[in-house]
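Colleague: Each residue of the sequence shown is one higher than the last, beginning at 1 in UniProt numbering.
Any given hint could be a false lead.
With a straight-line Cα cutoff of 27 Å, these simulated DSS-like cross-link-like pairs (lysine-lysine) come out [claimed, not checked]:
(1) K53 to K87
(2) K45 to K91
(3) K83 to K45
(4) K33 to K83
(5) K83 to K71
So the derived label-pair ranges between C-beta atoms look like this [as the list claims (entries may be wrong)]:
(6) P37 to G76: 23 to 29 Å
(7) P37 to K91: 25 to 31 Å
(8) L70 to A101: 30 to 36 Å
Calculated directly from the structure, the hints in this document are not laboratory data. Given the structure is predicted, the values throughout are model-derived calculations rather than measurements. The beta-carbon is built from N, C-alpha and C at its ideal position, and this holds for glycine as well.
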Amino acid sequence: MAWLQRSTNRGVIPISTFFSRFFSKSSSPYVVKVGIPEFLNGIGKGVESHVAKLESEIGDFQNLLVTRTLKLKKLGIPCKHRKLILKHTHKYRLGLWRPLAESVTS
1 MAWLQRSTNR GVIPISTFFS RFFSKSSSPY VVKVGIPEFL NGIGKGVESH
51 VAKLESEIGD FQNLLVTRTL KLKKLGIPCK HRKLILKHTH KYRLGLWRPL
101 AESVTS
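All chains, full assembly: derive it from the sequences and hints.
Modeller: The following block contains the structure:
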C-alpha cells in the first residue's frame, strides 16, 4: 500500500517516455533478404560449412524453417550443428532473432 501511495504522489510517467530508452530509434543492422547462406553465416560456430549441402538438399529458406532434426541427421550434419540450426530457426520463426548484416568496409 505504501508503494501505491508513493507512486501516486510522483505523478504518471508517459509510457512513450518510459519505453523509449529500451528501444533504439536507429535503423536496424539486419539483413533484408535472408537465405540459407546468410542464415547459417549469422549463426556462425562452424555451421556455415553446411551451406552447399543444405542448399542442394533442402532448397529454399522456407523449407529450412520447417525442417526437422531427422532430415538434418540424414544429411550428415553433426548433432551440435543440428541443435544450433534448429534453435535459431525456432527463434527466427518467433521473430526473436535475425542474422546481422555483413559490415561493408569501403
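Colleague: Any hints from earlier that this structure breaks? Give me their numbers in increasing order, please.
Modeller: Hint check: 6, 7 fail, others pass.
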